[in-house]
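Quick note, the sequences are listed as chains A and B, same order.
For reference, each letter of the first sequence is one residue, going 1 to 567 in our numbering.
For reference, each letter of the second sequence is one residue, going 1001 to 1181 in our numbering.
By construction, these hints were calculated from the structure, which means they are not laboratory data.
One thing to keep in mind: the hints can contain errors.
Said to hold, decoys possible - Below, a list of computed lysine to aspartate or glutamate pairs in the DMTMM-like style, where the Cα atoms sit at most 25 Å apart:
no., chain 1, residue 1, chain 2, residue 2
1, A, Lys316, A, Asp562
2, A, Lys352, A, Glu276
3, A, Lys296, B, Asp1060
4, A, Lys316, B, Glu1036
5, A, Lys386, A, Asp254
6, A, Lys194, B, Asp1074
As the structure is a computational prediction, the values presented were derived from the model and not from experiment.
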Amino acid sequence: MRDRITGSKALMRALKAEGVKTIFGYPGGSIMPVYDALFDYTRGEKKCFDHILVRHEQGATHAAEGYARVSGEVGVALVTSGPGVTNTLTGIADAMLDSTPIVVIAGQVAINALGTDAFQEVDLVGVAQPISKWSYQIRHAEDVAWAVSRAFYIARTGRPGPVVLDFPRNAQVEEIDWEPVKVDFVRSYVAYPKLNMEAVREAAELINNAKKPLALVGQGVELGHAQEELKTFLEKADIPAGRTMLGLSALPSDHPLNVGMLGMHGNYAVNLKEQECDVLIAIGMRFSDRVTGNTKTYAKQAKIIHLDIDRSEIDKNVKTDVAVVADCKESLPAITALLNKNRHTEWRDSFKELDVKERTKVIEPAIHPTEGPLLMGEVVNAVAEKAPKGTVLVTDVGQNQLFATRYFKYPEKRSICTSGGLGTMGYGMPAAIGATFATDRMVVCFMGDGGFQMNIQELGTIMEQQAPVKMILLNNNYLGNVRQWQDMFWMRRKSFTKMLNPCYEQIAKGYGIAYEAVTDRANLAAAVEKMLTTKGPYILECAIKEDDDVLPMTPPGMNVNDMMLEI
Amino acid sequence: MKEKNKLYTLLVYSENVAGILNQITAVFTRRQVNIESLNVSASSIEGVHKYTITAWSNEDQIIKITKQIEKKIDVVKANYFTDDQLFIRETGLYKLSTDLVMQNPEISRTIRRFDASITEVNPTYVIVMKYGVTEDIINLYRALNEFGCVLQYTRSGRIAVTRGTQEQVSEFLEERERQHG
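So that you can see chain A by itself, here it is in the shape it has in the complex (with noise of 0.2 Å):
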């Protein structure tokens, strides 16, 4: 018998097929058969998905990248043509940047409206071409099952990203006899590189010789799911590891060979052990110059192996003795099985001076101060004290980003989110949304003054949804690190980075969201615990210190050893 169906349906039954749960969107008119056809799969015997109304388009992208993240399956964001999917542009760049697996399916006029300047037309594939990993038009219902699949199998595999699908009116009610199709293989596309075990020799051979290894361990541990394999090899051959703000979580941090995060605001032995060490060994991770600084100084002493699966980050930034372009699930055993066992206690031991030295200088008087307003530090400190293992720490971007990631803990895998790549504000507030729909473990989000209302809209997705999540609003009434900068850099003078804030009280009233203010610094620990223990979404809005800087810091541009401890 026949089985036909509209296009429309044809997408449900193939994202159905993809195993997609959740979908992040925003009717409207191009995408309404969509709608339509997704009424019956949100309901009734024939649920398979949770459709959450987010309040901007921007919100379901930012959402899908939070659940994303946490799952570590392929978030989906489903919106309407024009000003719609324009407004998903930013998560889609987003996505691209932080190698996300994110499906964004977007409404489209009739194909016989295509170039028409048609109302609410726009050309996505081509302006989400430069920033995503694919982008697609589905011209005809029967494209939408190999369409569907393909784009799945492209987010998800090789080094994840962003799919867009832009999907004609037409193709959406045209009717079709229905055929599954699974999409594993494209030929032009390997999403896997095949292991070189020349290379995988040459790196065991300098980290065998190495007498003062460092690892760089980036988010491509976590979505190659090698945790483990991470652990055994950083264990048989005794090696240090600094994480990239995206891979805090690949190692937890109270493994002993974590020596902290690397970057601009990381920690500071590891910056400078980074000019000192003899084989650096990086590990899905891309070299950023938020990592590097400057480049011409970076490393220069170092042999550099670097594992990534992605072939055009190899020589990108940094130049490499050694590359192995694989699948770190796969080339961290086999690279493990030909180390030595090894121990480098003195070199290791060397960094704790310096840990000791970033600790009386930077992070005590960060975390415990003893007088004046409440510093950023302090208030991710007590939430990082109190939160319960394996909590999900989503932030914003800005001060509250980095102050948020230097404090926090992560035992667990799988438990950070935030925008590193793009450094998109108002991410926070809908990632944690997105988090709080990938797992049932807690989520706590940090956000500035400037963040929280970037994308403020989504307090009513999450009224609506009663989504879990821990919002605690760093407020120093100014864009706190660009006033750090123009401090620092622009001789004090504060262009436009004074903000008057609204009645954040007001507002979470509104939208009936418990909301409680901090100002003292005898009464964090109790607010702390009062929002982490009171069921359902909260706001914790704490009267932050106006001019707290972010240290220690790597001034732009300069030598990663050049560090500043104090300003």
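Given chain A, put chain B in place with the hints provided.
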């Protein structure tokens, strides 16, 4: 010291789907590298298109450009070459004033000296065609221009085949299909 720019030729093979050219040129645009010439045609492999692109760049940058192009999902292979690694041909078309060609026998001699051919003559203009390497085509233009007889001049995109004996792309595709079973 900054590496000196050279003319590189990229040979790119892609699936025959809409929008690939846009994806390829975007890689150049992002780095503000000009494409000197571009030729697109079907390749010897069914369903695979071949792009021959020339651009002035340095090796460091051209490597990055090549990798970024190859990273596009529907691009099968991208490689870069210098002129010595390729057999190269381009075509030049020169539209000359018939009056001036008739008045000055040096013009005809120049055309012969460059091994170019006259393909059309009428009372107004003469069409001269020259195929060869870039330099010869440009030199003929310069020589003819000295006589002030050139009405129009155009040069085709470069076409090129590699001098190596291996057909990398078909081998790659066969290997891929074999792995997939």
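Hints and how they fare:
Taking the CA atoms of Lys316(A) and Asp562(A), the gap is near 23 Å; set against the 25 Å cutoff, the hint holds. Under the criterion of a C-alpha separation no larger than 25 Å, the hint pairing Lys352(A) with Glu276(A) is consistent with the structure, at around 15 Å. Taking the CA atoms of Lys296(A) and Asp1060(B), the gap is near 15 Å; set against the 25 Å cutoff, the hint holds. At most 25 Å may separate the alpha-carbon atoms for a hinted pair to count; Lys316(A) and Glu1036(B) meet this at roughly 24 Å.
Between Lys386(A) and Asp254(A) the CA atoms are separated by roughly 16 Å; this keeps the pair inside 25 Å, and the hint holds. With a CA separation close to 19 Å, the supplied pair Lys194(A) and Asp1074(B) stays within the 25 Å bound.
Of the numbered hints listed earlier, not one is contradicted by the structure.
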